[in-house]
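**Q** Here are the chains, one letter per residue:
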Amino acid sequence: MRISISTFALALAYTGREVLAAKSAHIRGVSDADQALYQPDESGNWACLNHPDIVLPLSRINDDYCDCPDGSDEPGTSACPNGKFYCANKGHVPGVLPSSRVNDGVCDYDICCDGSEEWAGIVKCENKCREFAAEYAKKQAEIRKTQVSGWNARAKLVAKAAGIRQALQKELGQLETQIALSEGRIVRAREALKLAELQSSSRVGTRGSPLLGRVKARIEEYQKATMALSQRVTILETRLALAQDILQKLNDEYNPNYNDEGVKAAVKAYQDFKESDPEDGDYHQHIEISAADDDELFSEEEIDVDPDVVEYESYIPLQWRLWIHDQKTKLREFLVEHGLLAERKPSGETASVSNAKKERDAAEKQTNELKTKRDSVSRDLAAEFGVDDVFRALAGECIDIDSGEFTYELCFNDRVSQKGKSGGPTKLGNFDKIEGNKMYFTQGVKCWNGPHRSAVVEMQCGEKNKVLSVSEPAMCEYFFKIVTPALCTKPDSDTKLKDEL
Amino acid sequence: MAAPVLSAKKYLFKTCEQASFCRRNRAYADLADSRGAAWDPPYVIDPSTVAFDSGVLQGTIVKTVTDSTGAPNNVEFPFQLVFLESGSARFVVDEKQRVESPIPGFPESLTQRRYNEASKWAVTGDLTPDIGAVESTTDDERKSAVYRVRYGPDGHFEAIVQAKPLQIRFYRDGEPHVILNDRGLFNMDQYRPKPTEMDESKFEDELDVKDMWEENFGGKEDKKPKGPESIALDVTFPGYEHVFGIPEHADQFSLRETRGGDGNHDEPYRLFNVDIFEYEVNSPMAMYGAIPFMQAHKKGSSVAIFWANGAETWIDITKTKPNPEAFGIRKSTQTHWISESGIIDVYILLGPDPSSVYQQYGLLTGFTSLPPIYALGYHQCRWNYNSEEDVLEVDANFDSYDIPYDAIWLDIEYTDGKKYFTWLKSMFPTPEKMMQALDKRKRKLVTIIDPHIKKESGYKVYEGLSKNELALKTDNGEEFNGWCWPGESAWIDTFNPKAVEYWKEQFKSGKYCGHENNLLIWNDMNEPSVFNGPEVSAPRDTIHYGNWEHRDIHNIYGMTFVNATVQAMQARQPRQRPFVLTRSFFAGSQRLGAVWTGDNAATWDYLRIVTPMLLSHSVAGFSFVGADVGGFFGNPTSELLTRWYQAGAFYPFFRGHAHIESKRREPWLPGEPYTSLIRTAIRMRYQLLPSIYTAFHRASFDGVPIIRPLFLLAPDNEDALGIDDQFFFGETGLLVKPIVQEGAMSTEIYLPDEEIYYDYLDQTIYQGIGYKNIEAPLEKIPILARGGHILVRRDRHRRSATLMSHDPLTLVVHLDKTGDAAGVLYLDDGETTSYSRGAYLYRFFIFNVQDNILRSRSMQASSASNKSFEKSIDDVRIEKIIVVGMDTDKLKTNHAVEAFQDRKSWTTDIHITEATDRKASVVTVRDPKIFVTGDWSIQF
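Protein chains in written order, with this note's numbering: chain A, 3 to 503; chain B, 3 to 942.
One or more hints might be untrue.
As the list claims (entries may be wrong) - With a Cα cut of at most 25 angstroms, we get these calculated PhoX-like pairs of lysine-lysine:
{"hint": "1", "chain 1": "B", "residue 1": "Lys427", "chain 2": "A", "residue 2": "Lys423"}
{"hint": "2", "chain 1": "A", "residue 1": "Lys270", "chain 2": "B", "residue 2": "Lys869"}
{"hint": "3", "chain 1": "A", "residue 1": "Lys435", "chain 2": "B", "residue 2": "Lys421"}
{"hint": "4", "chain 1": "B", "residue 1": "Lys665", "chain 2": "A", "residue 2": "Lys421"}
{"hint": "5", "chain 1": "B", "residue 1": "Lys665", "chain 2": "A", "residue 2": "Lys483"}
{"hint": "6", "chain 1": "B", "residue 1": "Lys427", "chain 2": "B", "residue 2": "Lys475"}
{"hint": "7", "chain 1": "B", "residue 1": "Lys421", "chain 2": "A", "residue 2": "Lys423"}
It is worth saying that the hints were derived from the structure and are not from the lab.
Predicted, not measured: the structure shown is a model, and the values here were computed from it.
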């Protein structure tokens, strides 16, 4: 081997003049188009391409020693750290390799299918361009096919998205109209109520029922039970706090390296428990509300006041009012059913007042519902769904992949989740945004000792929506690769041209 | 990003107070100290037993004890002082009753002897007594029971043994350097059956009888069937203020005192291999490995001792006040060695200089085996690379970002249920294909294989282990089971030769990883780590092959496991040099592979502690050392990560690693400018590979480490002894100071001698002992090149170390203050064992200021195999020679020099950068067209 390189080096060392004479000598590692850059000046010298002040004899081009800071004197060797080697790859697409891959004993066919970069003979790289070109053509055809059908599929999606958008806009218009109507209904209902109340100025009273004594007794019993329940809750809460303290201590102080599966499982379960624990389970409040309810409901005193004052429901916000009303009605029904209370009509108000109220409540409820719906529709309309709004068409569509241990599901514009062989799904993230070829999902279920799970979805053009792979590069950070027509671009005529050739 | 604040779970690990034998021996030392000159220890040599023959002085130490009847009784401890051919001395003390006839009532399941095989595992060198050692006792001395032996090279060494008070002093050229039992702390528990009832009054000789026959820690009982059997000895290094070694501790290099006081420890240094989770820095706590080797150095002298004991060991260190009468006006270092069981087996190495000490230690415990060169490249690890696709994507990214690396690592998650030798098929369906893909760029795959074997029916590795009874056993002879990664597991007992054979089976080519031979192995958790065991390890009364208790061999176990793996890999790939990384180690482990400092964290403190830790390993014979670059736990800032790569490029073992809960941090992830700076650091490492490999070659035959403390090159500068944040790198003369401070823009480098130093990157000159300020912005690793060294580089970057093997070389010559320089180059095929049959190249380069000639000469005998190796690299040129610091006026011409090789001569161009008042001249010889094989010279 030494001989060949020595000869090579000597050849360059002693043939400066000859090179000058033979102007067309081919410079290794340089494309035909760029060969012209390696012409000597009149005195047979040449200057580094980006450093005209550094002038070399032509013999120093490709002499396996780096003279030019830009690497331009060694396009065909590995001498310069920043050089580029051009391989012609006849019959295929030319390639450019970093010079560090020249003569390193590896055939870099993916870039130099002609094997020309391994010219020193450390390894023999046969020319595989024919194979590669065929392979390439096949691949290009496939890509082309995918692009064409993907582009067509995308066009459908875009059309669908436009349709959805249109429908949403239409719905928004309708909602605005309905809201206006509904608000009118509220105004009318309120006026009707005022009128009804004026008309019904009759005295309101409730005579003590013959059963009142029994009722009172039962109420006391009921109140006692409530108190007992409340105390029980307090005790349980104290015990829960104690247990939580113990677990918290375990969580803080256990040695993860022990890896006692029992301890680890307990800690994890505790973390999950903490995650899922609702902010404030205030049972007392519920109990107190119902107790108050009873007090007022069964007040022994005769009431001689404005019914609206008695009807405390009027003071409660609408959303609670309905619930409380419902509970009260149920309780009353229960009492009536068990003979504790005489059946009666809401005696405090006339049918017309109560009907007017119903109408007012219904109108308010309807308006609220309509507004909520309108807000959601306008948010939806304002959201970004990629170029041409294309992802809008994919709402509601889910794709999944079985990766052995888990099944991963991605629902467009919604969420990604992971499902084990047993147990329910774990949410890896809610749809956050689309940027370029990536979709982001954030705020999934919190990891044990870690962040909230999240996922990045990298998309490429494909004929159909499909998950290619899912990985977890860092703990609780997931990475999906999918194909979707939504990402397809218009096939350019170039590709077509090449294919046809 | 908040870095994790780490503190070891201290409650998991014993203090000296909690280890009864340590507590008792410390109390014994306190008692001796309190008695002062009146201290009358119960141990003396019986003069009638003393005899010298063929390099061995032997006799019996007698301990007078008072038994329960109050009558004095004698316990005999036979000793041998062996003078070895290698020049070291060995002092061995055993207990007579345990060697001789059976002791009634001794536990039948256990070997009656004290454990005496630590040397068998640690020492591979020749232990033949030196018949050249001569007794030179005078008659007067004999009368007063003092014995004198001359030994060592040219009889420069002398040992003086004194019967009462028992003392052995080692002299070199008439000066005492090591004194055994200077303070009378020699102590050995004699065997006594467990008393039926503990009556403290019956043990009036004992200071503390608590826990002598059973002991509890952390709710775990140690049955101690042999009762107390501790050994202890004090060793004084007279006139030495600094001692080093006894890794592994996350502490400064110069060992601290351990009896309290400002800046000192309160606890002794502990050697007890444990899986220490989130270890603390600046602590004497035990860690993953143990090398009971201590070096003492002072101006003009280096000596050492090696305490060959595999049981739990504690070492107290104190320093005396200067004593003008005894040893000049210098301080002395006093050490107290306390082990739980075994015999006293201590080697005394008398230097006289650091490299002699390392050679002497290597002649005992063996030298670093020459690693394959790719093991010196960059290793990319993470817990975990999750799938084949993941592995190959990381692999491809190194190429996309043009960063070299040599091995990608798989942590435990690649297995099916942490069952080693299996694959999680859903993620790694075709591991062999993956390995073939890596092999295209000559890269390697490293899989983790741990000693815990999942107890699961149907798992063949376990079934065979269990059926053949090759696992550790409980004290009642059943298979020992405990918890580790896989859940309930058994531990292979690699003390058992049959277990080693069984282990070899598992790695067989075709059985594991197909027939691929780009497989390297990582042995972790081999302390052993037992999650539910006492101190996260195996119970001490667990039984090993040979009926030894775990307590006797605890610190050796990890090494036997790596030994089994190395043998298995040698059997699998007989031509290849194996590479095995271990976490646990013992004296002698340097023969088997590399070690890293375990589970550190991504903070500046952990980056800072690496240098002193690697220095400690290095002086204790373990050259192939590294630390997790980036920090294992937590997430490093980009700046910390970059600085860690810059430091890591100079770790002998260079691996990035990260915990499963940390974010990914492969070199391209921090982005610019960090990625480019990391690339530069890694490439600098690869550039220096010929020099690093040469340094490993030297370590492999004379033990001089890669990471070298300042005193190795400046042995007479005592001010440098405490400096442990910089080091010399291999044979290069490069003085490296890793930046371990956030936001640093400059640093102070200490020059330990009067030699001339050049900034390695810009040739700025520094000279004169003391601190020099040097710029160190993020893009700069502060490195000075000491004058007088010639280093060899390969400046072309490739994708892996193996792909560089035909590349030309660059010589960098840093002239010393007189204008001379020298260096060596070792080259071989980098991966097979053929170098051991002479297939290598070994050149010596010298630049002589007298004639201004740089010469290359062979350092090897000509042989057929080196001829054939030379032929295989006869295309390797020296493409560039850079001479720094030359007097350019002496050049014959300003544009050419003359080259000579193969009886031909020719001129070759040079380029000159003239010196300025701050910077040295640089003369670059442009492509002299000389080849590395064969002699050559350049006339400047």
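**Q** Are the hints correct? Go through all of them and say.
**A** Okay, the hints, checked on the actual structure:
Restraint check for Lys427 (chain B) and Lys423 (chain A): the C-alpha separation of about 16 angstroms stays at or below 25 angstroms, so the hint holds. At most 25 angstroms may separate the alpha-carbon atoms for a hinted pair to count; Lys270 (chain A) and Lys869 (chain B) exceed this at roughly 64 angstroms. Among the hinted pairs, Lys435 (chain A) with Lys421 (chain B) is inconsistent with the structure: their alpha-carbon atoms are about 41 angstroms apart, more than 25 angstroms. Annotation: proposed proximity of Lys665 (chain B) to Lys421 (chain A) holds, straight-line Cα distance about 23 angstroms (limit 25 angstroms).
A hinted pair counts as satisfied when its Cα atoms are at most 25 angstroms apart, and Lys665 (chain B) with Lys483 (chain A) qualifies at roughly 20 angstroms. Using a Cα cut-off of 25 angstroms, the hinted pair Lys427 (chain B) and Lys475 (chain B) is violated, with the two alpha carbons roughly 33 angstroms apart. In summary, the hint linking Lys421 (chain B) to Lys423 (chain A) is supported, as the alpha carbons are separated by about 21 angstroms, within the 25 angstroms threshold.
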